[in-house]
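Using the sequences and the hints, build the whole thing.
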Amino acid sequence: MTEPRLVHNPLLAWRAIEGEVVIISPEDSVVHELNATASFVWMQANGERTPEEIAVLLAAEYEVAPEEALADTRELVAHLEAKRLLLSSPAAEGSRHG
Amino acid sequence: MAETPVMDRLIRRTVEQHLPLNVHFDLTYRCNERCVHCYLDHEDYGEVTTAEVKAVLDQLAAVGTLFLTFSGGEIFLRKDFFELLEYARQLHFDVSLKTNALLVTAERATRLRALGVRRIQISIYSADPVVHDAITKVRGSFERSLRAIRFLKTQGLQVKIACPLMKQNLTAFRSVQQLAEELGVPYILDLTITPKIDGDMTLLALRNTGHDLLPVLQDPVLNPRVKGGQEVMQSVPAVGSAVSSGLESSAYDDIPCSAGHNSCYISPYGDVYPCVQMPMPTGNLRQQRFEEVWYGSGEMRRVQSVRESQLPVCSTCSIRQYCERCPGLAQMEGGDLLGAYERACELAELNARLAGVEHPVSALHQQQRAAKFNGTFSAVLPGTGSIPGLVRIAPMRAT
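Those protein sequences? They're chains A and B, same order as listed. Residue 598 in the numbering used here is what sits at position 97 of the first sequence, and the numbering runs on without skipping anything. Residue 194 in the numbering used here is what sits at position 76 of the second sequence, and the numbering runs on without skipping anything.
Possibly wrong hints are sitting among the right ones.
[As the list claims (entries may be wrong)] Cβ pair distances, simulated, as ranges:
no., chain 1, residue 1, chain 2, residue 2, range
1, A, E568, B, A224, 48 to 58 Å
2, B, L221, A, E553, 40 to 50 Å
3, B, E170, A, G548, 22 to 32 Å
4, B, D198, A, E504, 17 to 27 Å
[Claimed, not checked] Taking lysine-lysine pairs in the BS3-like style, the calculated list, with each CA pair at most 27 Å apart, reads:
no., chain 1, residue 1, chain 2, residue 2
5, B, K255, B, K314
6, B, K278, A, K584
7, B, K285, B, K255
8, B, K197, B, K172
9, B, K255, B, K271
10, A, K584, B, K271
Hint data in this document are derived by calculation from the structure and do not stem from the laboratory. Backbone N, C-alpha and C define an ideal beta-carbon position, used for all residues, glycine too.
Written out as structure tokens, the structure reads:
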């Protein structure tokens with residue numbers, strides 16, 4: 502079974518400012534700030550990549566071991582999914598707009 | 119939005135890097151109300167087209183704008199409003215709206231929710247329909263705006279009531295407070311009545327005098343610093359500017375406000391100003407790209423260069439902390455971006471007195487008194503400059 506693709510929650514507002522992503526949830530006006538590596542992961546979550554594929558890109562970009570990049574990516578993705586900032590693409594299809 | 123360490127860092131970063139974090143975009147000046155205090159000309163002289171707005175939004179997203187306010191005029195009069203809103207959301211802007219809401223139906227409220235609009239500010243002038251409708255000059259407008267607020271609340275959208283206070287509705291502020299509480303929405307009472315955007319000063323006659331505003335300024339719920347007051351259960355003060363983004367930060371401490379530093383205004387004709395209350399043309403987006411105006415305009419740089427500590431009069435003022443000086447109004451009312459102006463000084467003195475300062479006098483008024491004193495004394499004793507007692511009086515500056 503293939504891993505789900507990651508996609509941003511379409512209700513969020515966000516912007517990469519000077520390489521760091523700021524995210525705002527319109528429902529509660531909570532502001533989230535990602536550091537540079539988390540921002541890199543966020544920018545790759547375009548609905549077409551799995552966490553494994555993103556981890557490969559992360560390892561290459563930051564010159565870290567693939568297994569370390571994968572562990573960090575999975576931890577970050579779990580955190581962002583728990584906050585409903587990132588969604589897995591099958592669940593996202595129905596709620597996407599535009 | 120409440121001040122948080124994340125927001126503070128974001129604001130500081132964008133002020134220091136001069137990034138346009140926050141943009142107020144008036145999509146039209148046309149309106150279906152005719153509010154007596156409105157500073158706009160409602161004729162349409164050729165608004166930006168759908169394609170032009172989208173091109174500007176692309177440019178804003180590219181330079182880092184996150185907070186986008188669509189306002190007017192009445193935004194729902196634009197037939198392409200939802201197309202523009204949807205486009206803005208596809209570009210991931212945090213979108214707030216300012217509207218009278220007369221055209222907000224249950225269906226439209228649902229669409230706004232689905233598109234991820236974060237906040238909607240609606241003007242309500244009184245809980246008395248007669249007073250409200252007399253200000254908007256549209257019979258039934260109070261009931262329609264109120265119905266819209268309920269539609270929006272039903273959708274779970276954040277609604278905020280803005281109530282500019284003028285002579286026509288000064289006594290209504292308590293009823294607006296009560297109405298907001300009943301509706302479960304925050305509110306802001308705005309004491310600012312501005313000149314028209316073309317510089318016409320006639321609207322200033324609608325302003326309440328400082329004395330008349332005392333019940334508002336003394337209200338302990340609205341002003342927690344007033345003795346005996348209680349903490350206001352809101353993230354922002356209940357008295358302030360409805361134009362302000364509400365984003366607070368210590369990064370603004372030595373600059374007059376965010377205008378031109380990390381925020382700006384775009385008119386329906388593509389003109390870029392530092393702020394809607396600072397209608398100083400810095401460029402036009404039909405002729406230039408946004409970044410050319412933002413980074414290249416001499417006028418924008420002039421605004422950016424102003425520091426509070428360098429204001430010739432206000433930096434010497436002993437009651438500066440009680441003052442809500444607006445550089446745009448300083449320019450429009452006093453003719454000097456760096457200057458003091460009467461209204462701000464009057465309200466600062468009132469606020470200082472209410473906070474317990476004895477005989478507060480603004481720097482502007484001190485200088486005016488000194489000049490008057492000098493003038494009177496000079497008439498009696500020519501050559502007063504040589505009299506030791508007068509040497510201590512600060513030299514008068516042109517303001």
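Status of the hints after comparison with the structure:
no., hint, result
1, E568/A with A224/B: 48 to 58 Å, "53 Å, holds"
2, L221/B with E553/A: 40 to 50 Å, "49 Å, holds"
3, E170/B with G548/A: 22 to 32 Å, "30 Å, holds"
4, D198/B with E504/A: 17 to 27 Å, "40 Å, violated"
5, K255/B with K314/B, "18 Å, holds"
6, K278/B with K584/A, "26 Å, holds"
7, K285/B with K255/B, "15 Å, holds"
8, K197/B with K172/B, "14 Å, holds"
9, K255/B with K271/B, "26 Å, holds"
10, K584/A with K271/B, "24 Å, holds"
Checked against the numbered hints listed earlier, the structure breaks hint 4 alone; every other hint is satisfied.
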